[in-house]
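Colleague: With chain F held as given, fit chain H onto it using these hints.
Here are the chains, one letter per residue:
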Amino acid sequence: MRVLIVDDEKLARDRLRELLSDIGGYDVIGEAMNGNEAVEKTAELNPDTLLMDIRMPGMDGLEAAMHLMGMEAPPSVIFTTAYDQHALDAFEVNAVDYLLKPIRRDRLANALTKAQKLTARQLQEVNQARQDPPARTHISVHLRGNIRLVPLPEVIFFLADSKYVAVRTAAEEHLIEDSLVNLEREFADRFLRIHRNALVSAAHIKGIEKSPSGTWQVNLKGIDKRLDVSRRHAASVRRWARNRPNPA
Amino acid sequence: MELLNKEAMREWVRSAARQLDHDTVFSRADVEGEILPNFCEGRTIFSVAIVAQMLAILITLVTRRISLNLFHDLLLISLFVQWIGLASAGVLCVSRKYLNRLNNLRAFGMAYLLLLCVTWLVSESAVWLLFGFGKINTPRPEWYNYFHVQNICMSAIINALVLRYFFAKHELRVRTLSAERTKARAMLSRIRPQFVFSSMNIIASLTRSDPAKAEAAIEDMADLFRMMLSQDETLVPVKNEIEVAQKYLAIEGLRLDNRLRVDWDIGKFPRKAVMPVLTLQPLLENAIRHGIEPMTAGGVVIVRLWEHEDKIYIRIINPIPRTRAKRVEESHSMSLEDIRLRFQSHYGDTAKLEFGRQDEQYIVNVVLPTRKEPT
Chain F
1 MRVLIVDDEK LARDRLRELL SDIGGYDVIG EAMNGNEAVE KTAELNPDTL
51 LMDIRMPGMD GLEAAMHLMG MEAPPSVIFT TAYDQHALDA FEVNAVDYLL
101 KPIRRDRLAN ALTKAQKLTA RQLQEVNQAR QDPPARTHIS VHLRGNIRLV
151 PLPEVIFFLA DSKYVAVRTA AEEHLIEDSL VNLEREFADR FLRIHRNALV
201 SAAHIKGIEK SPSGTWQVNL KGIDKRLDVS RRHAASVRRW ARNRPNPA
Chain H
1 MELLNKEAMR EWVRSAARQL DHDTVFSRAD VEGEILPNFC EGRTIFSVAI
51 VAQMLAILIT LVTRRISLNL FHDLLLISLF VQWIGLASAG VLCVSRKYLN
101 RLNNLRAFGM AYLLLLCVTW LVSESAVWLL FGFGKINTPR PEWYNYFHVQ
151 NICMSAIINA LVLRYFFAKH ELRVRTLSAE RTKARAMLSR IRPQFVFSSM
201 NIIASLTRSD PAKAEAAIED MADLFRMMLS QDETLVPVKN EIEVAQKYLA
251 IEGLRLDNRL RVDWDIGKFP RKAVMPVLTL QPLLENAIRH GIEPMTAGGV
301 VIVRLWEHED KIYIRIINPI PRTRAKRVEE SHSMSLEDIR LRFQSHYGDT
351 AKLEFGRQDE QYIVNVVLPT RKEPT
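Going down the list, the protein sequences come from chains F and H.
Here our numbering is used: the first residue of the first sequence is 1, the next is one more, and so on.
Here our numbering is used: the first residue of the second sequence is 1, the next is one more, and so on.
These aren't lab readings, by the way, just hints derived from the structure by calculation.
Keep in mind that this is a model prediction, so the values were computed, not measured.
Here a beta-carbon is modelled for each residue, glycine too, at the ideal position from N, C-alpha and C.
Heads up, some of the hints might be wrong.
Facing chain H, according to a computed beta carbon distance under 8 Å, are these residues of chain F, among others [as the list claims (entries may be wrong)]:
1. GLU9
2. ALA12
3. GLY30
4. ARG105
5. SER230
Just so you have them, the derived chain H footprint on chain F, three or more residues with Cβ under 8 Å [said to hold, decoys possible]:
6. 13–24
7. 52–61
8. 94–102
This is chain F alone, in the form it adopts within the complex (with noise of 0.2 Å):
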């Protein structure tokens, strides 16, 4: 079986890799030290099963393995963790996996050969038991049956089509299945709704102008574009910019 350690600890990540050759059978393939790097090896390498650690700095384990859900065959994940005691109780409740530092050789050895592909249900239980759930510092992008990460920060905009909601970098354009009522749920404090099916990063408007037209237009930094602001949303969009903190 081969394994993908991710923990950002890397005397955990040793401790790991010791007690799977004391077990025997298993391969690790690779370590990753946070949840970035564990969505983007587990894409170019392909493990059977992923052991992450919950607390990691970027990306935590919980985020990347909802992000790694969206893949054709994800692998398997059995969690670590030290301390975390409203996830614990999630797993527990949820039948996730789940080991506790410090780890022991057979509760490990007992966790790989049951180890099961998590449920978009389950996850969502468990970052529901969290105090307070972190909003996702990536959005996953599925590209020919693989997975690419766009940090949230890169984002411009979020456009809504009539199925999906396509993601707008300075680079790149991406589709992706989720909800616009979703996606301003989650990033209330850096995204702004400006139209029916616009979300507008704050920290990349630049500006809003009143077209020839009438109508009023948010200026955007990185692209050259404009994006209208529908009427309905033209007041709460103007209050914004005129409390705007820093207009930079």
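Modeller: Leaving out everything else, chain H in the frame of chain F:
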């Protein structure tokens, strides 16, 4: 065995978390006790009787001249005052459950009104009783109004004093309890489970790859735990505090590897300079937890320590991650408030703790008086 162990550990973790959540677990009555004492208890009723008797003697002495009739008057007055006293206790006994459910102010207001009613009722009954026994020939004698006004006034004053006493007693109990709770919470929050279990995992790893390092780490942890578990809030030499902090940093350094870099600069200190035990370590723990751990590349924690004009200055600077900065800042300042409380208990208002964000850094400034150890 395996199962037992896991269960035991989780139970420990849960009970620790429960302790931290004190307020939500226990209702107000459990923690603060009831506002009014239980007037159904023999002991309380006995004290009511004693107080009533003393009051009766006082009233007799004030209103009657010394004469042979004095004892006769005392008997009558005692009978009347005891009657009011015991009836009041009875009413409070019956209405106790209801009163304790109200908030403090309402409970006391309600009790006060009830007691005044009792006085009026007893006075009225006394008049009717005298009439019934033929001692007076009308239930409305000329002294009727005067009698009621007099009784209500006295009852108003006495009851106000008594309730004020209960209120003060209750306040005192609440304050003592909350002080103890703060202390217990401070004790518990010194040891972070995340740190304990991560470090143990790291040590388990080191026992194979580098037994000497593992040994040193266990020794450092033992010293650190000894300090954290110690009950006393004492002042220790600055040198000791720095040592403890360095042991803590050694363990975190193993865990975070090259992500944690510390830039120390320690000035000269008078040999007898002291500071509260575990001042530096929690400040550093905060800096690491909120500044270094969330950053993929880690960062530098800057520690400055110097003495100037009989004051100890501590400055700790850590980077803060750009994403989630606000959230991190909030929890950072929350743990710092705990430290502020500890400084207050040692120095009152003479210690200073300031913290805040400056661009992408979080800066904590501490000024402590160099209180010398008594020689």
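Colleague: Each hint should be assessed against the structure and marked as holding or not.
Modeller: Cross-check of the supplied hints:
no. : hint   : result
1   : GLU9   : holds (5 Å)
2   : ALA12  : holds (6 Å)
3   : GLY30  : violated (17 Å)
4   : ARG105 : violated (10 Å)
5   : SER230 : violated (29 Å)
6   : 13–24  : holds (count 3)
7   : 52–61  : holds (count 3)
8   : 94–102 : holds (count 3)
Checked against the numbered hints given earlier, the structure breaks hints 3, 4, 5 and satisfies all the rest.
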